[in-house]
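Participant: Chains A and B are the protein sequences, given in the same order.
Going by our numbering, the first residue of the first sequence is number 186, and it counts up by one from there.
Going by our numbering, the first residue of the second sequence is number -17, and it counts up by one from there.
Certain hints may be false.
Within a straight-line C-alpha distance of at most 35 angstroms, the following computed DSBU-like cross-link-like pairs (lysine-lysine) qualify [unchecked claim]:
| hint | chain 1 | residue 1 | chain 2 | residue 2 |
| --- | --- | --- | --- | --- |
| 1 | B | K131 | A | K214 |
| 2 | A | K362 | A | K413 |
| 3 | A | K227 | A | K214 |
| 4 | B | K131 | B | K39 |
| 5 | A | K362 | A | K421 |
| 6 | A | K413 | B | K131 |
Hints in this document: simulated from the structure, not taken from any laboratory.
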Amino acid sequence: MIPATFEYVRARSVREAISLLQQHGGRAKLLAGGHSLLPLMKLRLSQPEMLIDLGPVDELRGIREEGGSLVIGALTTHDEVANSPLVRERVPLLAECASQIGDVQVRNRGTIGGNLAHADPAADYPAAALALEAQLECEGPAGSRTVPASQWFVDLLTTALGPDEVLCRVRVPVQTKGQGWSYIKLPHPASGYSLLGVACLVTVDGGVCRDARVAVTGAGPKAVRLTKVEQALVGKRLEEATVAEAARLASDGLEASDDLYASAEYKRHLAVVYTKRALLRAAERAAG
Amino acid sequence: MTGVRVSMTVNGVEYTRDVEPRTLLVYFLREHLGLTGTHVGCDTSTCGACTVLMDGKAVKSCTVLAVQAEGARITTVEGLARDGELHPIQQAFWDEHGLQCGFCTPGMMLAAVDLLQRNPNPTEDEIRHALEGNLCRCTGYQHIVNAVKAASRIMGAAVGAPAGGE
Ligand SMILES: Cc1cc2nc3c(=O)[nH]c(=O)nc-3n(C[C@H](O)[C@H](O)[C@H](O)COP(=O)(O)OP(=O)(O)OC[C@H]3O[C@@H](n4cnc5c(N)ncnc54)[C@H](O)[C@@H]3O)c2cc1C
Ligand code: FES
Ligand code: FES
């Protein structure tokens, strides 16, 4: 399978990518790792007339710590996130999530920016970004702006990114002592994407849960926070019975869709089971 | 459609060609350079038969545009042996019967080289995990896993042996 013809340009900077987007309007698309876009183009489900390759834009690479957050360049690959000592130490939830994306070859090419910009309903990073309350830094013709993850995912494959904007960096608050975390997923046996994935981050102090963030991906059109589950945990000790009871709320109002492999009903069931497992692991880690 | 100039080093040799932007790296290697050891299995990023090393890392070359490999170092199965001597991973696949029809083998070996570069002494679990992106219809995988283990022993014994690639 070969994609339809397109023009190809290499951007040398974010500024150049933005001006190319402006010049070519809706006919052009940015290219990062290509591991969502190229499969779609091979199937001719997407036929951009021009690809603007971000590959050479070095300012979009790298991971650094700054003011209580890790700042991760959009072109950072899943493999780099999964194996970065800095990410593993400061935001282990993100590393745990990245290490479960697809397979080694996919992780070697796919990028965090491409993953979040594409917003595949079965992608893993969206759940982690929601639970970590990441901030997405974009640049466009009018300058830069920061979008919280909670406002980023709009609908199926749709984000808050503007047509002439580039997602440049993901800012992730570092985890603190007393926080427990986990990312677990049931991978689709063929593609590796999440049939269902749950990210959670709990803050425990004096044995009591002070803050809980739980996000699920894979069930419906976009990843979402499970606020009812979260509320049921705050102020409680994270014992198995409490966690199980809260997890039961995971399917309450959860938008889920049937696909070729799994029914909506099965996915809602998985949401409960995986939320419980993820929370128990997080509680264990919070306890040290 | 105008061609785009691309230069890359494949198995230590530098090539410059004009290609249509939509040319996938795997077809560039097979059809433009005649390196047919890299196979096309699924063409949908699933099977790993097209795996090559790009700057030392395993990638599925059916899901990379040739133009994205500008300036990259590519290693294909043809680049594993040196001076007529098989690379340890090739020797180990031979010794341990790590292949039957051989279709998946080039991709398996290059994914294994990526693993052994990161982790010279992997456990069976780690080997299976690292080969998740490579499908084999013949062997049932056990002999492949054995081969990767054997390669790690050979490479561990030959201290200073190159881990792979050009
Ligand atoms: C076999 C296979 C298995 C996979 N399994 C998983 C999985 O288990 N979990 C998972 O989460 N993902 C999975 N993926 C998807 C993978 O993670 C992709 O790499 C990722 O979703 C997209 O990142 P990319 O860099 O490849 O983006 P591309 O494919 O290059 O781009 C995707 C989209 O985002 C836009 N874009 C890219 N970068 C930017 C930017 N900086 N700013 C604005 N827009 C941008 C592009 O224009 C395009 O529309 C899988 C992919 C494959 C092929
Ligand atoms: S041919 Fe590339 S993954 Fe199957
Ligand atoms: S040996 Fe035949 S596909 Fe693996």
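Participant: It remains to establish, for every hint, whether it holds in the given structure.
Facilitator: Structure-based check of each hint:
| no. | hint | result |
| --- | --- | --- |
| 1 | K131(B) x K214(A) | violated (43 angstroms) |
| 2 | K362(A) x K413(A) | holds (25 angstroms) |
| 3 | K227(A) x K214(A) | holds (15 angstroms) |
| 4 | K131(B) x K39(B) | holds (19 angstroms) |
| 5 | K362(A) x K421(A) | holds (18 angstroms) |
| 6 | K413(A) x K131(B) | violated (48 angstroms) |
Checked against the numbered hints above, the structure breaks hints 1 and 6 and satisfies the rest.
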